[in-house]
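Peer 1: Sequence:
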Amino acid sequence: IIEGAGKKKDIAARSESLRAQIVKTTSDYDREKLSERLAKLTGGVAVIKAGAATETEMKERKDLIDDAVHATRAAAEEGIVPGGGVVLLHAIAAVDAARAKARGEEKIGV
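Under our numbering, think of the first position of the sequence shown as 5, with each following residue one higher.
If you're looking for bench data, these hints aren't it; they were derived computationally from the structure. Treat each hint with caution, since some may be false.
Unchecked claim - Here are the computed lysine-lysine pairs in the DSSO-like style, where the Cα-Cα straight-line distance is at most 27 Å:
id	residue 1	residue 2
1	63	11
2	12	44
3	28	44
4	13	28
5	37	12
6	53	11
7	28	63
8	53	28
9	53	37
10	13	44
11	44	63
12	37	13
13	37	66
14	53	66
15	28	66
16	53	63
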């Protein structure tokens with residue numbers, strides 16, 4: 005299993021075992037570590053190397069990287085809409101048309 009060596013059947017069995025442990029655990033720390041182990045086993049790991057001149061700068065960069073990783077995970081789990089901003093841009097014409105047709109208090113809601 006180490007470094008990609010091993011039978012696919014063994015890797016799949018260990019992956020299923022890790023998934024079961026992730027579901028059963030009540031500890032967030034254990035869940036994160038098990039998820040990391042599963043990612044390494046299935047090839048879903050990236051190593052980000054970043055340097056800095058000072059300790060403070062290094063901590064700031066680490067925080068920025070952590071924020072980016074968490075945003076990426078959230079987008080993957082919750083879903084994103086590529087081009088969502090373009091949709092809003094095109095919606096302006098429809099909103100303007102609805103506003104023109106609105107009467108009285110309807111104009112407040114449009």
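Peer 1: Hints numbered earlier in the text: which of these fail when held up against the supplied structure?
Peer 2: 1, 6, 7, 8 and 15
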